[in-house]
Amino acid sequence: MGLKNFFLKKSLWVFHFAGASCNNCDIEILDILTPRYDVERFGVQLVGSPRHADVILVSGSINQRDKPRLLEVYNQTSKPVFVVAFGACGCTGGVFAEGNTFAGPVDQIVPVDAYIPGCPPKPEAMISGLSKLMQTIS
Amino acid sequence: MAETLFYFLVYPGLLFAGVVGGLLSWFDRKVTAQVQFRKGPPLLQPFYDFLKLLLVKETILPARGAKITFLIAPVLGLFGATTAASFILLPMFNINIGFEGDVMVIFYLLTIPSLMYIIGALASGNPLASVGASREIKLIVSYELTFLLFFAAVILKADQAMRMSQIIQIQAQATPFIGSISGVLLLIVGLFCTQAKLGMVPFDIAEAETEISEGSFIEYSGTVYAMVKLTKYIMLFILPALMVAFLMSGFNLEGTGIVWAILKVLAVVLLLTLIRNTNPRLKVKQAMRFFLIGMNALVIIAIVLTYLGL
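For the record, the sequence lines run as chains Z and V. So the first sequence is numbered by the working numbering: it starts at 1 and just counts up by one. So the second sequence is numbered by the working numbering: it starts at 1 and just counts up by one.
Hints in this document: simulated from the structure, not taken from any laboratory. Some clues are possibly wrong.
[Unchecked claim] Under the rule of at most 27 Å between Cα atoms (straight-line distance), these lysine-lysine pairs were calculated in the DSSO-like manner:
hint : chain 1 : residue 1 : chain 2 : residue 2
1    : V       : K283      : Z       : K4
2    : V       : K30       : Z       : K132
3    : V       : K67       : V       : K138
4    : Z       : K122      : V       : K67
5    : V       : K39       : Z       : K132
6    : Z       : K132      : Z       : K122
7    : Z       : K79       : Z       : K67
8    : V       : K30       : V       : K138
9    : Z       : K4        : V       : K197
10   : V       : K283      : Z       : K122
11   : Z       : K9        : V       : K197
12   : Z       : K79       : V       : K67
13   : Z       : K9        : V       : K67
14   : Z       : K4        : Z       : K122
[What the hints assert, rightly or not] To give an idea of the chain Z side of the interface with chain V (calculated C-beta under 10 Å), a few residues:
hint : residue
15   : K4
16   : L33
17   : H52
18   : Q76
19   : N100
[Stated by the list, open to error] Some chain V residues judged to face chain Z by a derived CB distance under 8 Å, without partners named:
hint : residue
20   : L51
21   : K57
22   : T83
Idealized CB from N, CA, C, for every residue including glycine.
Next up, chain V with everything else stripped away, as it sits in the complex (with noise of 0.2 Å):
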């Protein structure tokens, strides 16, 4: 039981990942102002972000909204990255081998923190949030199933293992998925699937600050806001680790295979925000013809080479 809630508590759950995921959200704010020549924010900029918004900054309830409803949501989609952290993170770091089918479960709680957001932004009673709540629910429509798709393209190269360690493992006895054409085909995939779950610039349409102020978010203040900065700090270092784990081989902590799994998740997080730097917001229409065209074609195409051993 003790083990359990430090496992979920400490390492590797919301204590190391919260930390993990605000230095890599100083990375992603840094390479952004390098690519547009400018200095940048200091390295502890995130936690001093957080840190003021937990313990200075006043919480304001909506008069007209549900307030209860509006205060629990951050905190269950906390919860929900969370877990979703510690399932990931426990097989990867080799602490325990998780369960059989612990991949889908990984599947369906990457989903609550944005179920959560919706949840709270329509409790706030705000029109603008109400606005970026359709928007979200309209997004995770449309990458949702292509998302599914590459869970289950990963399965499939895995000679259909369900679990997470399996997956790892034999990709550290053979080749990284990565190395084949349908590897290359499903990193496109999971990147642009990433990027729609974080809310990054071309599909940050429920959040977009110049049109509806922060969308979803707009409302939030204070403490409660705090938790959606931890949630999003989480998600920042757990969906990029998914992508190591699922496409190049997990982490390796011994010896130099540290370096390797720190530049792993780095490149990853550099491609996203490289992604963010140079493409604008696209409307919800062209969001959902990307993902549900687009990205499905793509992934199905990765599906049929994995067939054919490719």
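Chain Z on its own, in the form it takes in the complex (with noise of 0.2 Å):
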């Protein structure tokens, strides 16, 4: 087992499932992709398919609409997959947690991983928060 996880551990494809996000945290994605912080060091990749994924990061909150989507595409995705809840809104519904189409944080719907809280987080929180995932693969 050691190492098929040091192999899933080294290379992490991640696909991006924005939920009803204020674009925000979306827009903060794209920066670890950029030359100052460059997560294809650790061999993390932005995937467009559900198939390819090993990491869904889910930004957002999720309401009545997402819902039933997310679960489509966590269901579709080949296992082992690993679910981030990306963003104040991810984590537990930030501003959005006591709306009426809210349908609850990411981790009452699909099993989660890890958590990076922030409004946007910053792009060094989301590089701690990959490598602690990467961490907690072993």
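Two chains, two frames, some hints: make the complex.
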């Protein structure tokens, strides 16, 4: 198992699921691919299809409409897959938590492996979150 | 029999071509990162990706698709790429001299991976995959004639020798073909055809990640996607190797010749990477016009120049 986890840890491909996000988190995610932060150093890549994903990065609050879609994306990924709740809205619901369309924070819908809080989280926080996720795989 | 299997599976076939292709894939990604002022992935990254897909990830079959065709297509594509690799690399490494007309066999074997991507994409039953497949078909229609004319021009330059080892030998005795005007034109044409065959950026129409999310490969996961990756690594090695054999007098593996051989392949891959990094994706129509009018005109000029002895 050790070797398998090593390969998985070394090449995490991220699929970005944007819920009812205000787009600030989505813009910040692009920052970690830029020259200054460059997560490709750790083998992290953004992929376009959930079939190739090892990590689902969920940003934004999840409302009634997003809930079945998030479940569908989660079921369509090839396992093992990790879920990262991203930003204040992803972790707890943030300012939307009392809205009447709110369908619960991400961890009540799918199992979450890591939380990255912030509104939006700084790129350093994202890299720290991803590296902590890598440390848990072993 | 055992010897043939060794050639096919270990050296210079599957294992060798796969490992070298993986290293070239790292080179491609590293140069891309350097162009964008990033640091880039570690040396063994392509192998981590491949082994993760092969060993760790689950393979999902599409619910509404032809499952057996979906699974067999990447295996056949890998088979085509590996066979092409052994036919190209055996004469280049001086292991045997091939057979009369093996150049044409290589031409047909090189189209097998693209055809298998199309069949696999259509078998998956995903609408985005079929968009990708139809784009790949249009791309093949546009570049394949140019690629065939490129082969014809090289054969003409080599006094109509239809054998890989003869083409390399003629260049080794006289000057390499790239030392003439027609040779330079042929290098340009060959590079763009290689770019299209590899699905690199100006011609990554079929797998356009941001438009149709990886197009043809959208449904592939786990072990079968690892096969696709391995096919891509092998193609990234053998197509530049083919350019080196056809225009730059192949490999000379004695003494310092090895360094030159490595530098030649790296130079071709570097040119491909720089084209990839400085161009946006074309539309299908633009790509077809580029090959059918522009590149065909260039290769015909090269053939005429060859007749004139330039």
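Here is what the structure says about each hint:
no., hint, result
1, V/K283 <-> Z/K4, "violated (40 Å)"
2, V/K30 <-> Z/K132, "holds (25 Å)"
3, V/K67 <-> V/K138, "holds (25 Å)"
4, Z/K122 <-> V/K67, "violated (44 Å)"
5, V/K39 <-> Z/K132, "holds (21 Å)"
6, Z/K132 <-> Z/K122, "holds (15 Å)"
7, Z/K79 <-> Z/K67, "holds (20 Å)"
8, V/K30 <-> V/K138, "violated (31 Å)"
9, Z/K4 <-> V/K197, "violated (32 Å)"
10, V/K283 <-> Z/K122, "violated (36 Å)"
11, Z/K9 <-> V/K197, "violated (31 Å)"
12, Z/K79 <-> V/K67, "holds (19 Å)"
13, Z/K9 <-> V/K67, "violated (30 Å)"
14, Z/K4 <-> Z/K122, "violated (31 Å)"
15, K4, "holds (5 Å)"
16, L33, "holds (8 Å)"
17, H52, "holds (6 Å)"
18, Q76, "holds (7 Å)"
19, N100, "violated (33 Å)"
20, L51, "holds (5 Å)"
21, K57, "holds (5 Å)"
22, T83, "violated (27 Å)"
Checked against the numbered hints above, the structure breaks hints 1, 4, 8, 9, 10, 11, 13, 14, 19 and 22 and satisfies the rest.
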